[in-house]
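Peer 1: Sequence:
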Amino acid sequence: MQGKLEQFESFVNKVKNNVNMNNLGLDNSKFFDVNAKIEDIKNGLESSSDKEKMDSMKRSIAMMSKGRDVSTLFPSVVKNVISKNVELKKLVYMYLVHYAEQEQDSALLAINTFQKDLSNQSQYIRASALKVLSSIRVKIIVQIIIMAIQKGIKDSSAYVRKTAAHAIPKVCSMDPDHKDELVECIKSLLADRATLVLGSAIAAWSEVCPDRIDLIHPHYRKLCHMLADVDEWGQISILNLLTRYSREQFADPNKKKVKEGGEKKVKEKKPKKPNSKWLDSSDDESESDDDEYGQPLDADLRLLLDRALPLLKSRNCGVVMAVSALYYYCAPSAEIPKVIKSLVRISKGTREVEYIVLTNIDSMASNKPHLFEPHLTEFFVRPSDSSFIRNIKLNIISSVASSDNISKILKELKTYVSVEDKQVVAGTIQAIGRCAITVPDVADRCLGGLTAMLTHRSETVVAESVVVIRKLLQAMMANETEETVSTVVEVLTTLSRLVDTVTSPQARASIVWVIGEYSDRVPRLAPDVLRKLAKSFASEDAEVKLQTLNLGAKLQLVNPEQTSKIFEYVLSLARYDASYDVRDRCRVLRHVMSTEVSGPLQSKSQKLVHSKKPVPQQVNPNEGRQRFMLGSLSHVMNHTVQGYDPIPDFPEDIPDPSVRDEQIAPAKQNEPDFWEESESDGSGSEGTESGTEEDDFYSDEEEEEEEESEEESQSEEESDDEPAPPPRRATKTSVAPVKKVIATPTKNSPKTEKKEEKKEGKKKEQSIDDLFSELEGEEELIAKGFKPAGETKEKDVMDDFFGDISVPATTGNNTSFGLFSTSQPRHTLLKSHLGGGLKIEYSYSRSPSMYGATVKTLELFFENAGTKELKNIKLVNAPATNEIIPFADIDGLSPSQTQESTMSLKFTSVTETVKFGISTNQGEFNITLTPSVGDLVRGYSLSRSDYDSAKKRLTGMHEATDSIQLEDTQASLDSLVQNVLTFAYLNTVEADVEGGNFKFSGRTVIEDKDLIVDVTVDPSDGSGDIFVHSEATVLNTLLLKGIKAALKQ
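Using UniProt numbering, the first residue of the sequence shown is number 1, and each one after it goes up by one.
Keep in mind that the hints were calculated from the coordinates and are not lab data. Treat the hints with care, since some could be wrong.
[What the hints assert, rightly or not] With a straight-line Cα cutoff of 25 Å, these simulated DSS-like cross-link-like pairs (lysine-lysine) come out:
#: 1; residue 1: K139; residue 2: K79
#: 2; residue 1: K1009; residue 2: K1041
#: 3; residue 1: K154; residue 2: K116
#: 4; residue 1: K313; residue 2: K255
#: 5; residue 1: K42; residue 2: K79
#: 6; residue 1: K414; residue 2: K348
#: 7; residue 1: K170; residue 2: K90
#: 8; residue 1: K313; residue 2: K1041
#: 9; residue 1: K839; residue 2: K951
#: 10; residue 1: K90; residue 2: K116
#: 11; residue 1: K84; residue 2: K66
#: 12; residue 1: K871; residue 2: K915
#: 13; residue 1: K187; residue 2: K170
#: 14; residue 1: K422; residue 2: K411
#: 15; residue 1: K151; residue 2: K179
#: 16; residue 1: K368; residue 2: K422
#: 17; residue 1: K952; residue 2: K154
#: 18; residue 1: K79; residue 2: K37
#: 19; residue 1: K139; residue 2: K116
#: 20; residue 1: K341; residue 2: K422
#: 21; residue 1: K952; residue 2: K1009
#: 22; residue 1: K348; residue 2: K408
#: 23; residue 1: K831; residue 2: K874
#: 24; residue 1: K1041; residue 2: K187
#: 25; residue 1: K151; residue 2: K84
#: 26; residue 1: K154; residue 2: K179
#: 27; residue 1: K915; residue 2: K313
#: 28; residue 1: K952; residue 2: K839
#: 29; residue 1: K1009; residue 2: K1044
#: 30; residue 1: K915; residue 2: K90
#: 31; residue 1: K952; residue 2: K915
Taking the hints into account, I'd like the entire structure generated from these sequences.
Peer 2: Given below as structure tokens:
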């Protein structure tokens, strides 16, 4: 016990020593002093001391945060915008952003400073200056603001570009004449690949030019792929946009063509129980993607649905609601149940969120009640529920009622009837009536329970019971039987006794209507009810008077002997009634029921007065909401609000899908394609060759002689600068430091070799690695026509791709490395027992791809592990969303035979999985490929000054950091570079083993942006930190975790 106490005291002392109270901001509470005077703050702002200015600005911001008006300080604050103190300037801009629109004249005085700060080194200052400029709503400076926005959308910081996107709608609302210029800015922002910018760009598009759907076409797939990486509010904007886009651009997935040429709706499948694997769509896709005649779902719509589905796990209820709306309006009916579990989950939040979500669930349950049947108990009323929550839950319960769950529902509703709250009881009675109409088999049970409620002490409850009984009687008499008739007579007898006690106008009117409608069933009670009503006719409500007139007219037809005089008396009273409706009804009935005049109306009196009524249908009290889009404000308010845009219908004629096609972008000028011939090679040709064709690169080992002769003739027509074949796999090297020799082909030698090989009948193209493995030394390289990169003064094409790569220069223990190449482990792509005997393994090649820096090459290793020969091995079902260059088809593989090949593909998201198929004579096999995070970067050499500049620029949200503790410090430091480069394809800038400083550089494959990795370790105890810097925030986090795990191994 004593030892634990000492440990605790030691821990407390350590915390006290390490905690910096200023960093925690606990000393800033003094700035919230309520006794602070405006004059004192103003004097501090005009002081020459930066410390006093900082204190005054903090006080003014604190007062502003508490709701106090400090706009009188604006002239004093705006003077400090020229301060060179960055922290003070941040506080000044925080104040100016809040009050710039209110104090426009004063803000105009500092407009030159705002423009100057658009070029400030701090991204926060640049963004704040743009915010202030766009908040000055003066038309005369609109052109200045537009120029600032145009500059902001080209800024290197994604935060500044995001701010520029927010400023666009402000300018458009202030001066719509400049809409065309702003649309061009939006067009540029939509092409941005930073996830921080996309959500704001879509929001700007929705406000400024929602009709310009052509701007969305080329970015549709990018938006789908990057959906998971965008911030939550950006996800909502993008999902709402893509929902409307899908309704306009894709065919209705629930309307399938039949052989005769017509159309039919797909029959919805009713789930029997909730699916615990609701995020696994593999089983459902096969059913929903193809109809009975094999017509697939549009690949782009499938992409959107697959990318949106994981967002159901989001903590933001708005995101979950947006995904649910997308599936409800755009997905096949069989896939809508996937979103139900998440909807039910978010309905258990705060009561405001619960109301919004339940309102949407109510609308969905009205159209598709089977979706929520498995989750019925989630909508049972709790004692803590508010009245508006209870009413919606009762509506949902009655909507999902079916013959399978009606017993459970009635048992639950029975408990609600016994509560003290009269409003809850009244709502429960209405729900019971709706359940009885929905499930006619329990109508008798419901009618018996409602009849018992007629003796309730609350008149409100009795009134609701009578109204519901009236509807049930109509429904029951539609299918008349002896049992039904006896039940109706008993109920009518009970109702006739209530005429003397019930005072609610609606209840009395319902009783009178029911007795009049079925007066032939109670011939003795109906005249007596008319007599009682005639006595109190003058004091009745207008609604009751109208039904009394109807009752008299009906009895006049079936029992004129007993009721004619009473009816005449009622007509005479109604003739002089104060209500227009009552007097008009009296005149009509007097003329129709008159026996003195014979005409067409008199002959049709039976049909006019006592016609057969239609069976009442279940009506949801919130029925009107269904005409509005789920998740919209109009849906919640149940009326059209300003700015509401209804959900469009699916098109009759499907628009051209090719507008969404994307092609692989060509290599940049500063990073030419790996196999592109450069002018510095001394070829003398004016142009550059485009490289070998795909078919040449991915040719099989054995081909027909006709194809051989065609290739031979094509090769003779090519120029002397024919490029060498691309590399197949990375060169194996030893532990760093390593000298990497880069060889370039000399003029004409590869062509000569190729011609000699083709004359001898050799069809297999050799990779650079295969060629290097056959050589024994550098002398043989030169003899074969290759020369080391260091022997040429001209710029090598490999240097264009990798950057400046130098031989490692060692100075003590501080070494600067070039690219570190390492062999990659193999992963299983297809297991033999799942592929009909075909086993496929793969590894990521770290050699540059011939198709550009953003394309990855996979080395594939095929093996026939079965006993039968495999034929016609090829890639099928390639997704339209990923540019895939497939491996060459393999004619056949004998048992135990192996073969290697390559394929290239372009990833568009860090978390993306690529789905395709492999076809053989044994069938088709589905494959899912997940990218390796360490291979979504590529090595790129940077000088130390460029490295420091990039690290300084990529801070804040572009930085991910974590601590690490190495166990065997010295051994870990010695192998640190190898461990990092084994996991991630990076370039080593510096490796100081003694000092524990390691720096790596590279570029992201997807966005082709700078990536910086910094590892610092204390050699004495093995503690350290890992820093990853890039604009790809999701990649930073994943790469950080991967490097940390690699260093711990």
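Peer 1: Each hint should be assessed against the structure and marked as holding or not.
Peer 2: Each hint, compared with the structure:
no. : hint          : verdict
1   : K139 x K79    : holds (24 Å)
2   : K1009 x K1041 : holds (20 Å)
3   : K154 x K116   : holds (16 Å)
4   : K313 x K255   : violated (30 Å)
5   : K42 x K79     : holds (11 Å)
6   : K414 x K348   : holds (24 Å)
7   : K170 x K90    : holds (22 Å)
8   : K313 x K1041  : holds (22 Å)
9   : K839 x K951   : violated (44 Å)
10  : K90 x K116    : holds (15 Å)
11  : K84 x K66     : violated (28 Å)
12  : K871 x K915   : holds (22 Å)
13  : K187 x K170   : holds (17 Å)
14  : K422 x K411   : holds (19 Å)
15  : K151 x K179   : holds (17 Å)
16  : K368 x K422   : violated (31 Å)
17  : K952 x K154   : holds (19 Å)
18  : K79 x K37     : holds (20 Å)
19  : K139 x K116   : holds (20 Å)
20  : K341 x K422   : violated (33 Å)
21  : K952 x K1009  : holds (15 Å)
22  : K348 x K408   : holds (22 Å)
23  : K831 x K874   : holds (16 Å)
24  : K1041 x K187  : violated (35 Å)
25  : K151 x K84    : holds (22 Å)
26  : K154 x K179   : holds (19 Å)
27  : K915 x K313   : holds (22 Å)
28  : K952 x K839   : violated (48 Å)
29  : K1009 x K1044 : holds (22 Å)
30  : K915 x K90    : violated (48 Å)
31  : K952 x K915   : violated (39 Å)
Hints 4, 9, 11, 16, 20, 24, 28, 30 and 31 from the list above are not met by this structure, while the remaining hints are.
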